[in-house]
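Asks: Sequence:
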Amino acid sequence: MIYGEDQYRKDLNRYIGNIDDQIHSLSKTLEDFSCCILSDFEALQKTVTEAHAIASTYYLQSYLSPFTKEYSSLSLAAQHLSEKRHGGLIVVERREPVEGHLHNGTPIGAKVSHTLIETIFYPGNPLHDGGTLIKEDTITSAGSILPLTRKTIEGKKLGTRHRAAMGITEVSDAVAIVVSEETGRISFAVDGQLYTIRT
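Numbering-wise (the UniProt record's numbering), the sequence shown opens with residue 1 and increments by one.
Please keep in mind that the hints were generated in silico from the structure rather than gathered at the bench. Please note that a few of the clues may not be correct.
[Said to hold, decoys possible] Per label pair, the in silico range of CB-to-CB distance: (1) Arg14 with Gly124: 14 to 22 Å; (2) Lys156 with Leu12: 21 to 29 Å; (3) Pro126 with Pro66: 28 to 36 Å; (4) Thr106 with Thr29: 51 to 59 Å; (5) Arg14 with Gly100: 24 to 32 Å; (6) Gly124 with Asn104: 38 to 46 Å; (7) Ser25 with Glu136: 45 to 53 Å; (8) Ile23 with Thr115: 26 to 34 Å; (9) Glu136 with Val171: 15 to 23 Å; (10) Pro126 with Asn18: 23 to 31 Å; (11) Gly124 with Asp6: 31 to 39 Å; (12) Thr29 with Asn125: 51 to 59 Å; (13) Ile37 with Asp129: 27 to 35 Å.
[Unchecked claim] Restricting the straight-line Cα-Cα distance to at most 25 Å, the calculated cross-link-like pairs of lysine-lysine (PhoX-like) are: (14) Lys46 with Lys156; (15) Lys46 with Lys69; (16) Lys10 with Lys84; (17) Lys46 with Lys135; (18) Lys69 with Lys28; (19) Lys157 with Lys69; (20) Lys84 with Lys28.
All C-beta atoms in this analysis are idealised placements derived from N, C-alpha and C, irrespective of residue type, glycine included.
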């Protein structure tokens, strides 16, 4: 999904208003000790998660758009991989070269297209387990081994792709898009932090 700034602000303001209403309602319900507020907390958590995903989607676009004109192709590829539950790891180089941190990749040298990215990550393809490097509008390599983070995220078990996405962004200013083959969830990493985006 590609967000304009006005739409992003409108959507996020709606969610923030909803969160505010839910907190106010929860606070009033708390006065009545006979009511269980656990379901209210679950609803609030769901709303906050959705707002977070909207913000993440907008910021991913902001981080990538100055460095590649093919943001929409990358977004579409990630969505298709998500729908099919095919795992993927796409590294987008920004100001700092990242090739010194990648190992054993296969040179590609093709223009970015969502169909080529989906083909690279098709299960069984020899390159599908590694990372794919994007420089500007070119897929430069695929099947690369990336450095893994040593960080943990409380309450989350991170797979190798997610640890690699965080790892490459700890040692460079790259942005890494990762699709979980277990859940289909799309996330991105920047500055060693992982964020879920809206699908």
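Asks: All hints, please: hold or fail.
Replies: These are the hints, each one checked on the structure:
Take Arg14 and Gly124: their Cβ atoms lie about 43 Å apart, and the range 14 to 22 Å is violated. Checking the proposed 21 to 29 Å range against Lys156 and Leu12 shows it holds: the Cβ atoms sit about 24 Å from each other. A C-beta distance of roughly 33 Å is found between Pro126 and Pro66, which places it inside the suggested range of 28 to 36 Å. Range check, Thr106 to Thr29: about 58 Å between beta-carbon atoms, so the 51 to 59 Å window is met.
Between Arg14 and Gly100 the CB atoms are about 44 Å apart, so this pair departs from the stated range of 24 to 32 Å. Here the CB-CB span from Gly124 to Asn104 is close to 18 Å, at odds with the stated 38 to 46 Å. Our hint of 45 to 53 Å for Ser25 and Glu136 holds, since their Cβ atoms are close to 49 Å apart. Against the hinted window of 26 to 34 Å, the Cβ-Cβ separation of Ile23 and Thr115 comes to about 45 Å, which falls outside the hint.
Between Glu136 and Val171 the CB atoms are about 20 Å apart, so this pair conforms to the stated range of 15 to 23 Å. Taking 23 to 31 Å as the suggested C-beta distance range, the pair Pro126 and Asn18 does not conform, at roughly 47 Å. The hint said 31 to 39 Å for the Cβ distance between Gly124 and Asp6, and at roughly 43 Å that hint is violated. Between Thr29 and Asn125 the CB atoms are about 52 Å apart, so this pair conforms to the stated range of 51 to 59 Å.
A hinted range of 27 to 35 Å for the beta carbons of Ile37 and Asp129 is inconsistent with their spacing of about 45 Å. Distance hint between Lys46 and Lys156 is fulfilled; the C-alpha atoms sit about 17 Å from each other, no more than 25 Å. Between Lys46 and Lys69 the alpha-carbon distance is near 33 Å, which puts this suggested pair outside the 25 Å criterion. Of the pairs offered as hints, the one joining Lys10 and Lys84 is violated, with about 31 Å between alpha carbons and a cut-off of 25 Å exceeded.
Between Lys46 and Lys135 the CA atoms are separated by roughly 36 Å; this puts the pair beyond 25 Å, and the hint is violated. For the proposed pair Lys69 and Lys28, the alpha carbon gap of about 49 Å is over 25 Å, so the pair is violated. The suggested pairing of Lys157 with Lys69 is violated, with an alpha-carbon distance near 33 Å, which exceeds 25 Å. With a C-alpha separation of about 43 Å, the suggested pairing of Lys84 with Lys28 is violated against the 25 Å cut-off.
Of the numbered hints listed earlier, those contradicted by the structure are 1, 5, 6, 8, 10, 11, 13, 15, 16, 17, 18, 19, 20.
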